[in-house]
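> Protein chains in written order, with the numbering used here: chain A, 393 to 954; chain B, -13 to 389.
Don't read these hints as lab results, they were simulated from the structure. C-beta: ideal position from N, C-alpha, C; glycine also. Watch out, some of these pointers could steer you wrong.
To be verified - If the Cβ cut is set under 7 angstroms, some of the chain B residues that face chain A in the computed set are:
id, residue
1, Glu42
2, Gly256
3, Arg262
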Amino acid sequence: MPSGRKSSRAARTSGSAARTFTVRVVVVLIALAAGARGAAPRFYPDDPIQVDRDAEFDASKATPIEGSNGYDFAEHTFLKPGDRRDIPAVNVNTMDEVPDSSWFTNRIGRRAMAIDEIVRGPNSMDTVVVDDWPIVRDKTSGITPGYRVTDPSGRLYQIKFDPPDHPEMASGAEVIGAAIYHALGYNVVEGYVVEIDPAKIVITPTATTVDMSGRRRPMRRSDVDRLLARAARLPNGKYRATASRFADGIPLGYFKYYGTRPDDPNDIHPHEHRRELRGSRVFAAWLNHDDSRGLNSLDMLDGPEGARHVKHYMFDFGSIMGSGSVFAQVPRAGNEYILEWTPALKTLVTLGLFVRPWILVDYPETAPSVGRFEAEFFDPAKWRPEYPNPAFDLMRPDDAFWAARLVGKFSDEALRAIVAKARYSDPAAADYITRTLVTRRDKVLRTWLTGVNPVVDPQLSAAGVLTFDNAAVSAGVASAPAGYVLTWSRFDNATDSALGVPQEQRVSGPRADAPPAMLQGSDYVSVAIQTMHADFPGWAAPVVVYFRQGTGGWQPVGLTRK
Amino acid sequence: MCRLLLVAVQVLAAAVVYAQEPATRAEELARRREEKSRQLAPPEPGRLERTLLALENGRLFERILNPPEGFYPKIGNITAGGGFAMGPAYRKPLFGERGSFNALAIASVKRYWLLDSRLEWPQLAGGHVFADVHGRLFEYPQEDFFGLGPASRRDDDVIYGFRGSEVGATAGVRPVPWFALGARFDHLTPSVGPGNTGRSIGQVFRGSTAVPGLDAQPDFLRYEFSADLNLREPLGNPRRGGQSKIVYQRFDDRDLGRYSFRRIDVDLQGYVPLVRDRRVLALRAFASSADADRGQDVPFYYQRTLGGPDDLRGFRQFRFRDRNVLLLQVEYRWEIFTAVDGAIFYDAGRVAPRFEDLGFDDLESDYGIGFRFGTRNGVFLRIEGAFGSSGGKHFILRYGHVF
């Protein structure tokens, strides 16, 4: 027995030694693995990515969320939700551009769009006629009177009416906003201006509505008549409205302008740091989209079973420009948050002798369809939504510059054609809205194209000729600069560092011959471009452009804008 | 042992592969998404958000405070000076929603109570005709009384109880939205008692000579005709326009033949917009004159009063009482921010036994400052401080607008 115990102990000792050996091997392998994890290169072979493939992981488990207007207001007014660090946008590619994604598809920013294409926007049809399309239920959110109908194929549409005192106002705003946001690159739903004959309104027997008691009950003709009493009636006896087609997929509620959806594996970039959401402040300012908040967005679960992804939509443009949806936009809109302490306290302690400047703005006498919209007092940098928006708060000059370049893509002719889509019965209304959009666009460009060094579109030819553009000069919002200072360096991508001695060059225009020594034998070369302009000293902050030697010559692969 | 080593090597091989830097940007992003896919969680709104959402979706405020149908709690005031009151109320749409039945039973912290019911048709004939039949029972046990006339003394403050019933009907036409003509008929059964607290009216004032109507209260028939020109914009919290209202009332003593009288009330309001309607100068002039039939008198409990949160705000409720009343009010209102206005006000007025004694001399007055909380559609709460009167300082917390 003792020898047996000894034998057993020996066996255990042997096993223990083996395990110890194994553990040591494991530790060594881990160390090797860690050692193998070298410094990341600055640029990957697929940089700059043009598409962020954020639909690859199945998001079928995402669940609908519902927003509270009261909570949303209180949270954003009294708290500071989101990551408030002043950092560059995190979803841009190495060229400082926004890749295509489930949020954004580069359209007017990447290619020339024909005016017809811009005007058509998201719509798949020229017009729709909703006569006899049955009402299937009430409209569940928002203050605008309306209901939901289905077309003969069963597609769901939401009908929203214009307010009685401002016929054509909200419906006009809706289609103009949808066309512009679509061209900019956002996902928006199809929307059509329609005229509804009250004699041809049909209610399905299963249609329901919620009465003021909170009970859902069958919808009656009297319910529709009550809605129509709050709607603008046209001289022909019909009611003008917008018919918005529901997007494909399963509704998931709205997206917040901060954080990420915890149930969406593809949503990894905090929304407050997404450039297209930060930059949407510029678009909102241009169009006076003061209702640009999370609750006016839409997430849809799209795709086949097992391979679904969340698609993010901008939604509800009935309260842009001079429209407040059910009334003319209030003068405060765009000028001050609903609750803003400093002007309120000044007004309080001075017993009203302090008058906020926007109160004194004169709005021209225009058609009721215009609402309250102007361009003279408009100051893009001071523009405000209804209450704070985290992504807007975190917008940096480079975000605004990116957005302003997109705004600059809308020509006067394109804007006139977009406004015509609203089919205003008064030509003066269409003309006024067009002129106001043009003037506001120009102010946006002056404000935000000049806020950073506006060097764009750098190219380095195989022959070593560098060309680039000055976006502010090209847009006509700044004079030509005195010159550019170029600092060339060879660049080591593996270590993300410059090699050798930089070489400086001064040129008077956006063109230069690269020093041959810099290009010879280099895989990467960088050039820091400073713009010297007496009116814009901030332009001296360099834009650093990185080029990679490829089979077809030098390709721009990186751009950083201070 | 070999198996353990094999497993370890396999795991580590995978770890080594994963520990390698991604080869592409797409791979880097995919790894981050894969990482997140292992940590998914449903969105979980906080308790406050869930609560607010439930309130909004369920229309709880509307359902609780002002539902179109069913029982709901009624909260507010029964009458001026009655204190905070609440109780159950009921509403039932009738006649295809052209009419409704309303009833309520509320009581206040000062033991005031009211039972009220009415059957009403507010929008007949396309909104051009309105009518109702109504009835109410009430008891107000702590009504202040300081004597009659402009010289009444603050130290004579006594309490009386007032109870009664009203049964009647109203009808009117509204040819345009801003003008209405109305007529009303009521049977009234007033009754005066000692009150439930403090010094009773009978301890200081005795007999109908000094205080008409104190010793006996007959039933009355009341006939009323009114015209209302209302050009206020917006109606609930006006910034411009005005309102002119004139009401003629006839009270017929059905039992004693001692207290039949007539009364005319004229209420003029004007709103001068300043600074694009963000400031308003609000003006009001109210005059009331009652005239008894020959050999008759106006009972004290139906005489108009001044004093309290709606007229002379620097004085106690019902501080002055007589047959004739003149009230002048001016307010400067300024918008502080959406939903909150400030106001500076000045009130002046007096009562008199004869109409010709009313004038701009010897007016009682006060001034003050306050805040109003509400929207374009109306003021739901006002907080004011009134000063500068012989009645001392008064803090006012009141539901609804002053005028």
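> Indicate, hint by hint, whether the structure satisfies it.
Here is how each hint holds up against the structure:
no., hint, result
1, Glu42, "holds, 6 angstroms"
2, Gly256, "violated, 19 angstroms"
3, Arg262, "holds, 5 angstroms"
Against the hints set out earlier in the document, a violation occurs for number 2 only.
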